Amino acid sequence: MLYILAEHPWFVAASAAYATALALYAAAWKSTRQVVGRLATAVMCAALAMNLALIAGRWIQADRPPFKSLFESLVFLSFTTGAVYLVMERLYRTRIFGVLAAVGSFGALAYAVTKWDAEIVKLPPALQSGWFVPHVVVYFVGYGAAFFATAVAVVQLAAGRWQWVRNLVSVRVGTVLSGQALDLEQITYDAVKFSFTLLTVGLLLGSVWAKSAWGDYWVWDPKENWSLVTWLVYGAYLHLRRVKGWRGERAAWLAIVGFGVVMFTYLGMELLPTAQQSAHVYTGQ
Amino acid sequence: MNDNPSATAVAPQASKLQALAGMSEQSKVVLLVAGAMVTGGLLQLFVEPGPKALVAAGAIAGVATFVLSRTLPGRWRETMAGFRFTSVLLVALGLCAILGTLILQGRPLQEYPAKYGVVGDAIVAARLDDVFHSLWFGCLIALFGAAVVNSALLRWPVKLRSLGFFTCHLGLLTTLLGAGLSCAFAVRGRVDLLADGSTVNRVHVTRAGQPQAKGYDAAGNAILATAPLGFELRLDRFDLVRYATEFRIGYYEPRKLPDGRMDWRLKASFDPEPGQRHLLPGGSSFTLTRLFSDYRPGDEAANLAQGRDAAKTVKQELKNPAAVLQVAVDGSAVTSPPLVALGESNYLPVPPDARQVPRGILAFEKRDEEAKSYQSHVTAIAGGVSQKALVSVNDPFTFEGWTFYQVNYDPRNPKYSGLDAVHDPGVNFVFVGFALIIAGVSYMFYVERHLGRRRRAEVEPKVKAAV
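These protein sequence lines are chains A and B, in that order. Number 254 in the numbering used here belongs to position 269 of the first sequence; there are no gaps in the numbering. The number in the numbering used here is simply the position in the second sequence, starting from 1, with 1055 added.
No wet-lab data here; the hints were simulated from the structure. Please read these numbers as outputs of a predicted model, since none were measured by experiment. Here a beta-carbon is modelled for each residue, glycine too, at the ideal position from N, C-alpha and C. Careful: at least some of the hints might be erroneous.
[To be verified] Computed footprint of chain B on chain A; a stretch qualifies when at least three of its residues, placed anywhere within it, have a C-beta under 8 Å from a C-beta of chain B: (1) 179 to 193; (2) 208 to 215; (3) 251 to 259.
Let the hints inform the model, and build the full structure from the sequences given.
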């Protein structure tokens, strides 16, 4: 493991920046000084910039979009998770979820180390398509939004159980910038809507791409099926929200289940007995 | 006492209708979903499932459910257009999709009892071996279609506030229609071409990639189903384009295979960059000190001349490259003899000391030559008119309603190319449906709420003024 870190200082720097952002966001939970929260945001921005540099560097080195292997996709997921969070931080004027976002980004990079590519491989003909980049980018931003929705849902559930979490969510200078109490359920709903829109676009782009590559827009491949399951679960979430008795904790749990399905779709394909029938299992997995 | 026999027959019927009408929404939801699956399950005992049967059953069931929902008393229509019913249906469809990934799909039927034991027979009987072409799944899709129609009609006439919902549901219906057309009428087949001047005018029909038999001859051999193209297709040339040859310094570690044997696994790979020190797993390191572009064993003078400036050599064309590595293990450095990439002595154990068990090996070698592109240069000839085209992966060729996709090649026969030919009358509907779904969802989530805000902004001052 150490040789990887020594060989790739930018990777280490980005990981360290995420870890520092995590610590600062955690400190902002307790601190009433604005500077702590601002510093956390600044470090998170720096971490994202380094993460983006990693992606760009890999793109140049490989001479292709760096989304081929599990390792490369994890590095990108780390970036989209952090980027979606920063947009949400700005939108909802709160830094409460910064810790969870930093955990997500740092976790993705840490996991990427365990899936390090022995070497950069070339792009096979099937992936040499104009649909490749939009399909992956849209999906991974959608995954980032799904992560954020889950993070908020987790906070919502925790706030219902523990006083110290309720204190965190209450109005504080460092974390809640708007001065108004947060509607956690509404934030989860907004994030799920955003994620669902992107997952829809990603699913359909993938379908159009499959048609141009293989002649079929849908072949019931295990990965396709699980992408559909993700879409159906979030679809059910959005519908059930209009049904009496399905708001509050139930909705939060459903959002968490949705993210569980997202993660299984992303990482769990090799566990399926039908995995060999799939054309979508990552190299390096 | 009622003497009219027809009246006694009508009375229980009316009470059944009343019972149906009086059911709670939850009971209706369960009845609809379970009813669709049981009906489909029973139907496939009598009707052999297949693309046309699936579409016919789905269409009939969809229309029947829709008509019943509009005619039965007791808010059945509202139930089917409701969020609760849709949610349950989405979850049911999701469970079916999961099931299709847990059970192997589309295998020969005799494989299931062998693989799953007693359960295997049940899997085959319930058509779980092909979940997505079973009639019970078709009935579930039919129910989904009927629910979508009911939901969309509930928003009729369309207003600006419900345009997104309506468009999205119209998109779902258009996609279902296209998928139905594809399922029932699309023809897919394989065209095997040889670049020897010959032409083909028929495709071997396939299903899930396997050739379809239309019958058997007297000897019991399958007679393959074919479909006419309506024109001639010729392969002029097939090119397998590979990426440029590259060399690497690979570090391999021993790995125990599940059967107990050992092999070497590539753990890290480095470009042959002279002068740069690289760390290896386990704490060792190496530096490429000299690189020869065209190493000549025994000709030291020639080798000395070309290996002097390694940085310059790396930019040259590597004909018979060799590398000298300096490996540092536990504080002591060892310089290797020239490792010739295309020769047999191209590796060095780490640590280099022969008395120690190697933790790994460093090899100077050629990278795997990966395919960059498979290209078929073809000519389509119809009625004296010919059209030349290049078919490659992600770049199909469409002619006279057929689209050709590059799917196969034979490394032993460079004159062969395998193309899939697809004639699909449903695909355009599907893609229009996709566009409508995306437009509808985006409008529903991001335009409608602004319309609501604007409306509230317009109304609120008036209300305040009135107050």
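Hint-by-hint comparison with the structure:
no. : hint       : in the structure
1   : 179 to 193 : holds (count 8)
2   : 208 to 215 : holds (count 4)
3   : 251 to 259 : holds (count 3)
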